[in-house]
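Protein chains in written order, with the UniProt record's numbering: chain P, 1 to 224; chain F, 1 to 438; chain G, 1 to 283; chain S, 1 to 296.
These are computed hints drawn from the structure, not numbers from a lab. Note that CB positions come from ideal geometry on N, CA and C, so glycine has one too. It cannot be assumed that every hint is accurate.
Said to hold, decoys possible - Computed footprint of chain P on chain F; a stretch qualifies when at least three of its residues, placed anywhere within it, have a C-beta under 8 Å from a C-beta of chain P:
id, region
1, 15–23
2, 149–156
Stated by the list, open to error - From chain S, some residues computed to sit far from chain G (all C-beta separations above 10 Å):
id, residue
3, ASP61
4, GLN69
5, GLY129
6, CYS185
Below are the chains, spelled out letter by letter.
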Amino acid sequence: MDLEVESDDFVGWTGRPIKCEINVLSKPEGSCIFSQGGTVVMAALYGPHEIKHGKIQTEETPAFQMSYRSKKGPPSNESRSLEELIKTACESVVFTRTFARHELTLVVQEMQNCGGILSCAINAGCLAMINSGVDMQHLVLAVTACLTNDNRIVVDPDESQLKSAKMSMEVAFDSELFNVIMVNSQGTSSVEEYQNTIGKCRESARILKEYFKSVVKKYAEALL
Amino acid sequence: MRDTIFAKCDSEFVAAAIKKKKRLDGRRFDELRSIELHFGSDFGCAYVTLGETKVLAQISCELSEPRNVRKNEGNLFVNVEIHDMVCGVFETGHHAHLAVHTNRLIEKCIKDSRCVDLEALCIVSEEQAWEIRVDVSVLNYDGNLVTCCSLAALAALAHFKTPHVTIENSEIRIDSIKEHEPEPLSLHHYPILVAFAIFGENDDILLDPTELEEKVCESELVIGMNSFNELCGMHFSGRTTSNRLLIVNASRQASLVAGELVKLVKTKLEIDNETRRKNRGKSEGLVSAIHTDRILSASQDRSTLRVTQREIEETARSFLEDRQKMKVSEVESDSTQIPEPSEDMDTEEMRPVFRKDQKRGVEVPPMSSFGQDWAPSGNRNAWTLPNATLSDAESDDDEDDVDFVKTITDEDRIIDRIELNDSEEEHDTIVLQPKELK
Amino acid sequence: MDLAAEPCFNQPEEVCKKINPKKYLKDHLSQGVRPKDNRRLFSYRSVVGNVNFIKNCCGSSIVKIGSTTVICGIKNEVTSPSKRFQNKGLLDIDCKLSDHCNVSLNHKNRVVLLKQCVSLLQKLFIGLKIVDLESLCIAKGELVWLLKADIVCLDYDGGFWDAAVMALHLALSSTKLPVIEYSPENERFVLQENTLVDLPVGKFPLATSFGVFQDFVFTDPSFEEEQLCSSFFVVVVQDNAVKITQKRGGYPISDVKLMECINVAASRYKIMEDVIRAILENR
Amino acid sequence: MIDNEEIEDMLREIRKNEKDAGKRISLADLAPQGQKSVSLYERKKREMANRRGRTDGRKDDDHRPMFIQLGTVSDARGSCYVEIGDTKVVVSIRGPKEIPNLKEYTEMCEIECLIEYAPFANSPTTNEGYMCHAVRQALEPAICRHEFPNFQIAVSAFVIEDRGSVLSAIINGASLALTHARLPCFGIVSSVIAAVCDDRILMDPEYEEEAYCQAAGKADSCGLVTLSYMPDMEQITFYEQNGYLAEPLKMVEPLVKKCQEIHKICIQHALKEAKSSVNVLAATQDATNSVKSLKV
């Protein structure tokens with residue numbers, strides 16, 4: 001669904017154009033391909049399946065497995081840290097108590113990386129979960145923002161802006177009260193600038209929520 | 001989700017259909033599924049969809065010492081990655097076999113057929129040479145992984161450009177894309193693997209088998225052909241066959257298909273260079289792979305066999321109505337195979353047994369549809385956007401699908417009231433919400 | 001001496017703690033007090049530090065936050081630099097929990113805890129240029145210092161990240177490297193005798209980790225509290241500039257609480273800077 | 001802003017560097033030209049011969065200053081931090097606990113010992129396995145093991161810096177940690193190491209002296225003697241010597257005397273700690289009483 005061409009309630013979105021398609025793959029329960037500007041990510045959620053033999057489900061073993069696969073060669077440290085961040089963001093969303101001795105597996109494949117891959121991956125993961133119909137407490141909406149040297153807040157920057165930015169931040173909000181689930185920021189910024197950036201991220205998250213709703217509406221209509 | 005187990009009646013059903021020269025998804029025997037090829041924004045990235053099988057290939061290069069076996073040659077490394085969830089987590093045997101098998105075949109097709117000119121990769125012999133790494137990651141598997149992977153790898157190799165290297169007094173400097181135009185890889189020829197499934201006594205050769213056909217077929221034949229009709233690899237596994245002609249027919253078909261696929265790669269490459277020339281080397285890349293104008297419902301365009309209980313009743317009901325209306329007895333014979341069209345399906349005038357239903361996952365094409373030539377997948381029977389003109393059949397059943405669901409209050413969440421004797425005070429047991437326990 | 005080790009159930013408090021630790025912690029937090037040493041929600045444990053007490057390391061430090069003791073030792077070696085960054089020295093940071101510490105930490109989250117801590121330290125000290133790697137360069141392209149920093153936790157009682165950042169900064173700012181020059185006559189590098197030069201290090205980054213438990217947020221969680229927290233919110237501050245903030249999933253916290261934490265961390269920076277200066281002074 | 005390739009590239013460089021350790025340039029060969037590079041062995045041999053005194057100005061039989069602090073590790077049952085000169089060791093005792101997958105009934109309690117060197121400490125002269133064995137033997141007679149059948153006591157030592165006589169530091173630390181852990185013992189074990197060269201007995205050897213005696217050949221007739229002694233019961237719990245010595249048993253007398261001196265220091269520290277903990281107990285006791293009286 002093309003974003004900026006759609007109806008007016010996305011007019012506030014200052015980030016890169018978003019396109020997404022749901023239910024792309026046949027094997028997984030829920031899948032989606034999601035693109036923000038040049039960054040394209042494909043997420044596939046394999047529904048509650050039995051835990052592979054050998055791994056008994058104790059209290060701590062999370063019922064949510066996550067694997068982020070970069071497209072270039074062996075997994076590097078960076079892709080492993082990305083994997084952890086996505087896992088923590090998406091894990092708090094799913095009602096894992098409902099299926100005993102089963103687990104969900106979310107596979108995110110990096111198709112094209114032009115900056116802001118973390119928030120793109122989290123949004124794709126959320127859409128895949130919606131598509132798979134697993135029961136979720138709330139949606140997770142991720143936004144990347146950066147503070148340029150002349151203290152301008154840019155939402156959803158691309159690679160070049162990210163490199164030259166003073167501070168970059170990735171925030172994941174929940175869709176009810178827009179509380180912060182995950183925040184990961186680096187670079188120098190004063191406390192007020194930090195507060196403004198988070199405020200700006202929250203607004204664009206609200207718009208993103210509208211976009212998610214419209215995608216689901218369109219998909220539901222087509223399905224009936 | 002467990003791997004889809006194919007029941008015995010499935011396989012018999014497929015074999016019977018094949019005997020009648022029909023394939024479940026309506027394709028002719030010598031027909032490929034729909035192919036989409038997209039190039040990424042960075043060089044050397046290709047995304048291929050062959051029906052439901054989706055593969056992404058990415059090439060990356062690194063400066064390193066050449067192997068001491070071949071001093072003045074670069075190095076090529078091919079690796080096919082299949083996530084264990086893609087083809088069923090419990091089919092450990094199958095999964096390992098599939099990954100190893102595909103890996104071996106792709107390596108034979110790309111590396112051993114020496115399609116990449118390795119001498120050109122060498123910069124300073126014995127010291128520095130390019131090491132090309134081909135990473136193929138499988139996104140979705142629905143049969144015929146071999147053609148998909150080899151096509152993706154080949155397209156990525158053709159699309160890849162190594163950065164320009166300047167050498168000043170034995171010190172090697174890699175120039176960024178801005179200073180020097182990167183140079184493409186030099187490819188001798190364009191090999192492609194074409195897979196066939198062989199069925200039955202009279203050895204029907206099925207091109208581009210789906211997962212179901214692959215599981216059910218007696219033997220598999222993979223033929224590596226390049227665009228100059230040279231054979232560069234063959235793999236035959238399964239039941240032995242004495243019919244020598246089979247291999248000859250198959251390779252003739254393979255050369256046709258290979259030529260067609262290479263033409264596709266070249267045209268797509270041309271389009272990509274065109275877009276890059278237009279906007280200064282930048283291209284939208286894989287974003288174009290996202291079709292926002294369609295939504296695949298169960299994303300099984302040709303899932304003739306995946307019929308849910310509800311559909312069977314409805315189709316049966318509408319089938320009975322048609323029969324009462326016509327009061328004709330000759331339709332009696334095929335009432336047993338409800339989803340499968342009747343035998344005399346070649347005759348044109350046979351009016352459609354079932355209403356071609358847009359909405360449901362099941363695509364039960366009417367007889368006449370076989371004549372048409374095959375339209376690319378996903379468009380014909382996928383659901384168009386709501387704003388497109390909807391036939392009246394769907395509009396009537398929109399109202400009754402939203403029915404009032406009882407709201408659950410705290411009251412009926414209480415399991416039971418425990419009547420304690422008067423010595424202890426009254427206790428209500430309330431079921432705790434999972435959120436409070438977090 | 002840890003009397004609570006034996007499961008003595010005579011005190012009612014012990015019984016409640018064993019049966020439902022979450023409720024035990026929740027009641028304490030709702031009163032605005034912490035279970036073990038009844039600190040306030042936003043109060044800290046005492047910080048003790050010492051520098052340069054290991055002779056054969058070029059820089060070393062020990063930091064004790066409450067009863068969490070962390071030792072950092074830095075050894076110096078000489079190697080050839082990487083091809084891409086010819087004039088940059090190398091700094092290898094490694095964290096380790098000695099078998100000495102709390103045995104009940106199950107192995108898995110010990111490994112994850114260390115990996116995340118190492119990546120935070122790398123991001124902070126190398127990414128945000130607190131240690132200037134160019135100053136580690138002896139001869140461009142040929143010879144460069146490699147500093148091996150090992151952070152070992154002797155006694156684990158929560159707050160490992162704060163102690164690790166402080167220990168590494170103290171160790172780095174107390175390192176002394178000999179001067180190495182190229183002597184043309186015997187065309188090899190020569191180490192000048194007893195000429196020890198301090199390593200230039202940026203300002204002190206203060207890391208404070210907040211425990212998030214249901215909707216309570218409190219600073220400097222001890223080991224018991226840490227086990228019950230659903231996630232942690234780490235803020236690294238350098239004289240009221242926010243350097244790094246990390247919150248990895250878990251219970252979502254509201255925006256107001258987030259900013260409250262950051263202000264608390266920023267306000268504490270002044271005091272901690274004097275503490276650090278005092279420690280470095282009396283070496 | 002952070003660029004991850006720089007960090008990634010640096011990590012790759014460090015890994016590569018670790019792999020080809022042979023090619024590494026060690027600091028020693030950068031030493032200035034003037035100092036003739038002399039191996040440690042010859043240098044120490046010359047010093048030993050000329051009988052003037054030891055490198056750090058100590059006389060032959062005086063012991064380096066010893067610093068003892070009890071209760072440094074909060075979550076161990078008993079712990080002690082010992083410093084002998086520059087050697088720094090932290091020892092902690094984990095209370096008697098069941099032996100995992102116990103085979104048969106063990107009448108006496110087992111002592112399980114683990115010695116760990118810090119990554120930045122220099123490599124140990126004697127290997128850790130041997131030292132663990134020595135510590136276990138030294139402590140076995142001291143603890144009333146018959147009171148804990150089928151149980152084991154875990155002694156774990158962490159060596160922060162090793163400037164000689166680590167083993168004696170660990171044994172002293174462990175026995176003091178036992179008192180801090182309030183485990184029933186027959187007495188406090190104190191131990192000392194001496195390096196013997198021809199007829200000179202060097203009490204509490206430095207790191208180089210220890211290395212020299214280890215490496216000494218047959219001709220030099222010198223070696224290392226370790227002795228751990230329990231003055232209350234006048235028993236030697238562990239005596240061990242290695243190297244080539246002229247008259248072996250002559251060394252026991254001076255070492256025992258030295259052990260008694262060290263024992264006095266240990267007793268003082270143990271008593272000090274006991275007194276302070278008694279005060280603490282008394283204080284908490286009347287605090288709880290006052291709170292109770294308040295309530296009533």
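Q | Given as non-interface: CYS185 (chain S), partner chain G, CB spacing beyond 10 Å | A | Answer for CYS185 (chain S): holds, closest chain G Cβ roughly 16 Å.
**Q.** Given as non-interface: ASP61 (chain S), which should sit over 10 Å from chain G by C-beta
**A.** holds, 24 Å
Q: Verify the coverage statement for the region 149–156 of chain F against chain P, using a C-beta to C-beta distance below 8 Å and requiring 3 or more qualifying residues.
A: Check failed, 0 qualifying residues.
Q.
For GLY129 (chain S), is the shortest CB-to-CB distance to chain G above 10 Å, so the non-interface label stands?
A. holds, 15 Å
**Q.** chain P over the region 15–23 of chain F, status - at least 3 residues with CB closer than 8 Å
**A.** violated (count 0)
Q) When you look at the beta carbon of GLN69 (chain S), is every beta carbon of chain G farther off than 10 Å? A) At roughly 12 Å from the nearest Cβ of chain G, GLN69 (chain S) sits farther out than 10 Å, so the non-interface label holds.
Violated hints for the displayed structure, listed by number in ascending order: 1 and 2.
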